[in-house]
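Novice: As given, the protein sequences belong to chains A and B, one line each in that order.
Heads up: the first sequence is residues 1 to 344, going by our numbering.
Heads up: the second sequence is residues 1 to 344, going by our numbering.
These are calculated hints, taken from the structure and not from any lab test.
Mixed in with the good hints, there may be bad ones.
Chain copies aren't distinguished; within one or between two, either way the pair holds.
What the hints assert, rightly or not - Think about it this way: if two alpha-carbon atoms lie no more than 25 Å apart in a straight line, the pair counts; the simulated SDA-like pairs of lysine to any residue are:
id	residue 1	residue 2
1	Lys46	Glu35
2	Lys46	Arg33
3	Lys46	Met25
4	Lys277	Gly241
5	Lys46	Ala28
6	Lys46	Leu26
7	Lys46	Asp24
8	Lys46	Ala31
Protein chains: 2
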Amino acid sequence: MSAPPLPTLANATAPWGLPLGVRDMLPAAAAARREISAALLALFAKAGFAYVATPMFEYANVLARGLGNDAETALRFVEPGTGEFLAVRPDFTPQLARLVAQRYRDYRGDLRLCYEGSVYRIAPGHGPREIAQAGVEWFGSNAGDADARVLRLACEVLGRAHRASTRRGATEATLEIGHVAPAQWLLAQGDAATRSALLAALRARNHRAVARASAPLGPQARRLAAALVSPTFEVVPTRNGVRRQLDAALALPWPRHVRAALAPWAAMVNALETKAKGMTLLIDFAEVRGFDYYTGLRFAGYARGLGDAVLRGGRYDTLVARYGRSVPAVGFGVDIEAMDQRRG
Amino acid sequence: MSAPPLPTLANATAPWGLPLGVRDMLPAAAAARREISAALLALFAKAGFAYVATPMFEYANVLARGLGNDAETALRFVEPGTGEFLAVRPDFTPQLARLVAQRYRDYRGDLRLCYEGSVYRIAPGHGPREIAQAGVEWFGSNAGDADARVLRLACEVLGRAHRASTRRGATEATLEIGHVAPAQWLLAQGDAATRSALLAALRARNHRAVARASAPLGPQARRLAAALVSPTFEVVPTRNGVRRQLDAALALPWPRHVRAALAPWAAMVNALETKAKGMTLLIDFAEVRGFDYYTGLRFAGYARGLGDAVLRGGRYDTLVARYGRSVPAVGFGVDIEAMDQRRG
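From just these sequences and the hints, can you work out the full model?
Specialist: Set out below in structure tokens:
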């Protein structure tokens, strides 16, 4: 049997419409999607990450433990027969944390795991949206080395997204790299109201709002708060720009423990620059989404022409402990849709 | 980075248990599962079937239209924001029928499509169970040839399952092949009560119950009802056994239109025997599950040591019309779990 030529398509029409947030993938789109997934899993396997599969849903309270505030984005339903609440996964990482705490309970070495599949998230006022993801998680890792290796792998993935998104090889991929220590210290300086206002101002990257929100703090904290959203960390006028940003970041009057956290991190970012050929590295300390989740390094990768971040990740040393075992971890997730240039 | 050796596992324990019916797949199991899926999709692609992807859930009433009586096996939930009922797919075939009616509305040629993924079915009194499937559907097909080609592809899949399930190559794979015409005619001979009793008796393959249920029918129908569950169609003592079964089946006093339906079907089954090396072909007219769904050929494949049918399929010429376009179709679905010998 030979493959038939595929016909052009009629438009999708009611009355057999699909809910917002999900869709059919016809042959070209479906094949492109499978190719991207397979390429990512091959890359992850080469880097020593073993593929695991977790269920589409599990008990809502078990999933919520790892999700924290994000639990409200999960689609919930009642389990027929028991009346228990189940939840569809909005994220793989809590499932992998549970799996490691539970199934590798007595294992003390490193575990490099990867995953691929769909997650579903409810946006306020909307139905669930399907998001195709693939990612890696390195559990039980020796912090410095695992961070650097995971970051290099993220660079490699971003490089592929970047090459897929451009015909010319223009340097339009950006990897934003941060660490939670600076913002974490700042947020601990004020009371609850100050903390909340500062979080919102940082999230908006609004210089004036940051100045207002940090007004109740001492002069050192005010200066450092302003530095997090300063133009120093927004523009990279030349190559080697990340070194200037690192120098500027380390020259700020951070308290001793923040400086101690940033020193090895800065060395790692510096070393990454030679690896990150053809892409822009940018320091970012003002990213506060998922702030309760990350505990050290964090990063996000963007490619020109792709709306969403192609990948996001970082170190999360307290997540697995929510499932009863203390295991440090670092990883990242890739948005397969953002990688997929062929989609309509 | 080189792949780390994978540790042995702790048992899964509460309190982070999973709902019944779903599970984590650790590296060996997950890799085996991916391999099986990839091999099936490669086989399907070689036979000219293009991979498509459909969403995990859609509007419950749209899915129910194609599912018919099976709609009750679908997990339903309320769409946040709209209050509409959504349902998780318990089967791919109705989704592909909808897709063909909707997205290929103006296309008049053949469409060979394939799929792979999980479906979820609620068993009475239990929660939803995840079932991994892959399958092919041939839409708009010229009946005879498509039936034969799909059946040969099913043989090839079953042969692989069979080789995977045995070390020796003993002939322990069985393909049961039937046609709906005989039972359909019989069921149309009685009133509703007779029809219902006969269906139950055939489903149980209980000779005495079939005799009792067909008592209100005429002598020809009684004899034919008994024939459907006769030992002729249960034992294959020798090779070429299917030819004897076919001869016996065709020698029965069927009404003219049943005989007309069986003649080309019998020729096709006969021709298949040379293709079905190392496996047993068996005629089965008494299979009445999914009876409202199939309209001609139907078949199921089994391999020794695998509990469930490895694959099931047949012709369903009225399903796509439920979505507003009349398109004949034939296909089958493979239970990936049943193919997977490495599972615990």
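Novice: Failing hints, ascending?
Specialist: Going through the list in order, the structure violates no hint and respects every one.
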